[in-house]
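Given these sequences and hints, build the entire structure.
Below are the chains, spelled out letter by letter.
2 protein chains.
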Amino acid sequence: MKQLQSMNRLLLGPGPSAVHPDVLKAMATPLVGHLDPYFFEVMNGTREMLRTVFGTKNELTIPMSGTGSAGMETVFVNLIEPGDKVIVCVNGVFGERMKDVAERCGASVVEVTAPWGQPIDPDEIRKALEKNGQVKLVAIVQAETSTGVRQPLKEVSEIVHEHGALFAVDSVTALGGIPVDVDENGIDACYSGTQKCLSAPPGLSPVTMSDDAVQAIRKRKTKVQSWYLDLGMIANYWGEDRFYHHTAPISMVFALHEALRILLNEGLENVYKRHEDNGKLLQQELQSAGFELLAAEGYRLPQLTAFRLPQGLDDIRLRRELLNLYGIEVGGGLGPLKGQIWRVGLMGHSSNLANVRLFMGALQDILNRNK
Amino acid sequence: MKQLQSMNRLLLGPGPSAVHPDVLKAMATPLVGHLDPYFFEVMNGTREMLRTVFGTKNELTIPMSGTGSAGMETVFVNLIEPGDKVIVCVNGVFGERMKDVAERCGASVVEVTAPWGQPIDPDEIRKALEKNGQVKLVAIVQAETSTGVRQPLKEVSEIVHEHGALFAVDSVTALGGIPVDVDENGIDACYSGTQKCLSAPPGLSPVTMSDDAVQAIRKRKTKVQSWYLDLGMIANYWGEDRFYHHTAPISMVFALHEALRILLNEGLENVYKRHEDNGKLLQQELQSAGFELLAAEGYRLPQLTAFRLPQGLDDIRLRRELLNLYGIEVGGGLGPLKGQIWRVGLMGHSSNLANVRLFMGALQDILNRNK
Chain A
79 MKQLQSMNRL LLGPGPSAVH PDVLKAMATP LVGHLDPYFF EVMNGTREML RTVFGTKNEL
139 TIPMSGTGSA GMETVFVNLI EPGDKVIVCV NGVFGERMKD VAERCGASVV EVTAPWGQPI
199 DPDEIRKALE KNGQVKLVAI VQAETSTGVR QPLKEVSEIV HEHGALFAVD SVTALGGIPV
259 DVDENGIDAC YSGTQKCLSA PPGLSPVTMS DDAVQAIRKR KTKVQSWYLD LGMIANYWGE
319 DRFYHHTAPI SMVFALHEAL RILLNEGLEN VYKRHEDNGK LLQQELQSAG FELLAAEGYR
379 LPQLTAFRLP QGLDDIRLRR ELLNLYGIEV GGGLGPLKGQ IWRVGLMGHS SNLANVRLFM
439 GALQDILNRN K
Chain B
79 MKQLQSMNRL LLGPGPSAVH PDVLKAMATP LVGHLDPYFF EVMNGTREML RTVFGTKNEL
139 TIPMSGTGSA GMETVFVNLI EPGDKVIVCV NGVFGERMKD VAERCGASVV EVTAPWGQPI
199 DPDEIRKALE KNGQVKLVAI VQAETSTGVR QPLKEVSEIV HEHGALFAVD SVTALGGIPV
259 DVDENGIDAC YSGTQKCLSA PPGLSPVTMS DDAVQAIRKR KTKVQSWYLD LGMIANYWGE
319 DRFYHHTAPI SMVFALHEAL RILLNEGLEN VYKRHEDNGK LLQQELQSAG FELLAAEGYR
379 LPQLTAFRLP QGLDDIRLRR ELLNLYGIEV GGGLGPLKGQ IWRVGLMGHS SNLANVRLFM
439 GALQDILNRN K
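Chains as they are written, first to last, in this note's numbering: chain A, 79 to 449; chain B, 79 to 449.
Treat the hints as calculated values from the structure; they're not laboratory data.
These numbers were taken from a predicted model, which means no experiment stands behind them.
Straight-line alpha carbon distances no greater than 30 Å define the calculated DSSO-like cross-link-like pairs of lysine-lysine that follow:
(1) K297(A) with K301(B)
(2) K163(A) with K205(A)
(3) K214(A) with K299(B)
(4) K299(A) with K163(B)
(5) K232(B) with K163(B)
(6) K301(A) with K299(B)
(7) K358(A) with K449(A)
(8) K209(B) with K163(B)
(9) K209(B) with K299(B)
(10) K301(A) with K214(B)
(11) K351(B) with K80(A)
(12) K103(A) with K80(B)
(13) K103(B) with K80(A)
(14) K301(B) with K299(A)
(15) K163(A) with K301(B)
(16) K301(A) with K177(B)
(17) K301(A) with K209(B)
(18) K299(A) with K299(B)
(19) K301(A) with K416(B)
(20) K351(A) with K80(B)
(21) K177(B) with K297(A)
(22) K301(B) with K301(A)
(23) K297(B) with K301(A)
(24) K177(B) with K299(A)
(25) K163(B) with K301(A)
(26) K301(B) with K209(A)
(27) K301(B) with K416(A)
(28) K358(B) with K232(B)
(29) K80(B) with K135(A)
(30) K103(A) with K351(A)
(31) K301(B) with K214(A)
(32) K103(B) with K103(A)
(33) K135(B) with K80(A)
(34) K299(B) with K177(A)
(35) K177(A) with K177(B)
(36) K297(B) with K177(A)
For each label pair, taking beta carbons as the anchor points, the in silico distance ranges come out as:
(37) P99(A) with F321(B): 31 to 37 Å
(38) N343(B) with F321(A): 37 to 43 Å
(39) G413(A) with S186(B): 35 to 41 Å
(40) G310(A) with K297(B): 31 to 37 Å
Built from N, CA and C at the ideal position, the CB exists for glycine as well.
Here you go:
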């Protein structure tokens with residue numbers, strides 16, 4: 079078998095994003111045991127920094143030992159029991175995924191939809207809550223990775239809480255790129271991933287749960303259907319008791335620790351402004367060059383921009399050329415948008431001025447070659 | 079927040095084991111995307127090498143995106159539907175865990191037990207099969223990490239297949255240390271972890287499924303209760319279709335690729351002999367020094383040795399001294415063995431002659447200090 083090669087890739091897709099060299103170094107740190115006193119220090123530091131980035135005081139704030147989708151599943155398996163009514167907002171792939179995951183937990187799911195590229199209308203959620211009696215949980219995606227739509231949360235949260243439901247938010251592509259503000263936005267359950275705006279490799283899913291969510295877990299009548307994602311047990315390992323549950327992905331926790339440290343050293347406000355500035359610039363440049371953005375105006379994520387490919391172009395071939403000639407990875411469209419859009423991520427360490435210029439130059443060149 | 083430190087630890091516990099420097103380097107390889115053509119090559123190579131180490135031709139052989147317990151859960155959520163009858167062999171913590179996981183899938187579980195430190199008697203499995211009508215699956219642990227017991231598989235497998243059941247084996251601590259021989263042993267479902275004898279960091283769980291197991295999954299009447307671990311979908315990403323499911327833990331796959339390459343370069347037979355020789359030597363040295371081994375003679379794992387601490391000694395304090403003075407980590411007892419045994423791992427890169435000598439010397443010193 080051939081030895082592993084290092085490839086020269088610029089990751090400008092919907093994730094993973096480029097990883098800071100110091101985070102790569104952390105990945106290569108010699109291991110310590112998952113019950114080593116030093117690892118407990120690293121765990122505590124990681125949790126403290128995660129709370130800051132999530133904007134929460136939630137005690138139950140930990141990175142789950144799987145990628146973002148494991149975080150999604152964590153929220154549903156822990157909060158939902160068979161028969162529970164759940165409203166899932168669907169305006170892209172990740173809303174659809176939440177619906178699938180919730181149903182596998184035995185939830186009775188009511189969908190609130192919007193066209194892909196549009197945000198969810200809070201009034202539609204209100205109507206669904208009024209029509210459906212006791213709803214346990216309303217779930218929404220803050221940063222829809224399949225479309226680049228940014229979902230405002232405050233008004234939705236108020237409506238959800240007026241109706242006594244728990245509020246769950248997918249912040250996989252949001253966390254570390256735009257404010258999530260878990261406490262201020264009244265979010266009860268929130269999950270993310272390490273490989274987007276946190277700029278660590280994929281492999282962990284930060285999750286945070288409010289006191290109300292923790293109470294809901296305590297009041298369960300049935301066991302959580304997943305042993306691996308059972309927060310009741312995992313919290314005993316990440317908390318003071320340090321009960322062994324499963325062997326934590328130690329190197330990934332090292333990497334997340336360093337990624338969070340670098341992010342907080344830059345300062346949350348500076349990080350958000352950098353994402354905002356570079357994202358806006360890319361979107362302006364794309365529009366000036368005649369491209370149509372997918373996400374509705376006023377609801378565009380700075381860290382992920384979806385734009386329509388001119389008709390008649392071969393999406394796969396163009397992306398292959400971009401990769402082969404420039405080493406640049408961008409994402410194609412998912413589901414109904416397959417072949418129609420490109421998704422360009424300026425996330426975390428990938429979000430800088432040079433990457434905007436480079437991408438626009440490379441895009442023009444590739445299009446010229448395919449005229 | 080303080081920067082991450084590198085600690086000087088010698089990992090001689092029940093896992094994680096020491097990681098080869100070239101595998102640590104692989105962890106720091108700059109990322110490529112999870113849909114990058116080069117990553118597909120790495121995935122294919124990893125699967126091919128996993129098949130060699132598992133001793134199987136199974137097409138469905140992939141590393142799941144979680145630690146060993148996620149592999150355990152993968153086997154049960156995919157093979158079990160509510161009401162299915164399952165026999166779980168329990169002679170340690172990981173047998174108990176399998177029972178818990180199986181029950182969370184709605185299985186009706188029949189236990190076959192043996193005292194901790196003893197292997198499971200195949201006749202007991204035969205009796206349980208004869209008594210319980212149609213059993214779908216029999217599950218057993220090949221290398222019980224809580225006791226150091228090695229379970230012979232061949233006879234059990236024959237009994238299981240005579241009764242038309244599927245045979246599932248936990249090889250978390252076995253794979254890469256002793257032969258698992260999936261095809262030769264008629265194993266239908268097998269899972270492992272990266273942080274034991276494969277000597278990669280924790281974070282992936284290699285899983286392999288026989289054609290019969292794949293058929294059983296195809297014949298399911300209900301959806302797999304875990305979206306994250308649904309092999310039907312994940313196989314489409316690791317197979318030729320390359321359908322996006324979740325973002326693979328790319329760096330961990332890099333590390334596993336290199337760990338497997340190093341292992342196979344040494345040669346499976348050489349690797350097994352190294353584990354056998356060093357494990358036997360450690361066990362002889364311990365016995366010569368007057369320690370009692372926990373596992374029954376003839377059923378001792380070379381890669382993990384459990385021995386009884388002399389009575390009246392403070393387990394926690396002694397292990398803390400071993401860590402502080404020597405940087406050596408070993409494991410304590412779990413469950414009913416808490417405070418009574420130490421578990422010493424000579425797994426993968428940790429299995430060498432120097433570590434046997436060093437551990438024996440350090441142990442004597444610590445005991446002398448605590449006389």
